[in-house]
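Undergrad: These are the residues of each chain, in order.
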Amino acid sequence: MLQTFEKLPTESLRGFIVWVPVLAHDTPLAAFEHISSDPRLLEGWDENRKISDAFKQTLALHRIAWDAYMIYAADVVWNDEKNPPLPTFWMHQLNGDSGADPALTLQEDVFFKAAQDQLKVTAHAGQAAQAAR
Amino acid sequence: MLETGLLSYPAGDCNEARVAITKTAFLMSFLALALGIYPASAKEMGKTMDSMTLDQLRSEFNKSEGKTRIITLLSPT
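Protein chains in written order, with the working numbering: chain A, 1 to 133; chain B, 1 to 77.
These are calculated hints, taken from the structure and not from any lab test.
Quick list of simulated restraints, FRET-style, between CB atoms:
1. B:Lys23 to A:Ala125: 58 to 68 Å
2. B:Glu16 to A:Leu23: 38 to 48 Å
3. B:Lys23 to A:Asp101: 51 to 61 Å
No farther apart than 30 Å at their CA atoms in a straight line, the calculated lysine-lysine pairs in the DSBU-like style are these:
4. A:Lys7 to A:Lys56
5. B:Lys63 to A:Lys113
6. A:Lys120 to A:Lys56
7. A:Lys50 to A:Lys82
8. A:Lys56 to A:Lys113
9. A:Lys120 to B:Lys63
10. B:Lys63 to A:Lys50
11. B:Lys63 to A:Lys82
Using N, Cα and C, we set each Cβ at its ideal position, and we do this for glycine too.
Model the full structure from these sequences, guided by the hints.
TA: As structure tokens, then:
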């Protein structure tokens, strides 16, 4: 994720890193050690795993939702208070018994390309809107 | 004589004092982090590791409509 942001220094990209307590030594302090200086990234601690639980439903996972990387197109709106929208594209680093599609196991180059493609779609939509004015 | 802000030690006690100061500095650093007092660089970035609720995430997500957004769920360790 950080690499994607480093390679794409555009203001048309916004990121959210949700730090989820999963392993024994997961604490806000441990998460803070990884905090990024990129102002496009908002990071937070999912104290009671409420955010993780919500994405577990959205992504139809059998286990805790973590190690998940989701891209949303610029026009996606999150309307449902309890359920996040389905991502436009997503990848993960979860085991086979998690319910996640093994074909979507994270490959950084594939994820980067997907983010890049979404940015192109956003740019084209913006240009089309300007031309129509 | 070894002088530290509030305390001074006779020369013979310098080693003990040095150990005490090191321990105190370590404990104070740990305490500061535990209390949410983070290193200056992180403060300069204006970032802290606050709790995030689903509603806050939803609100920030919708505020950035018009941008491509990436949400990542990670374990810090």
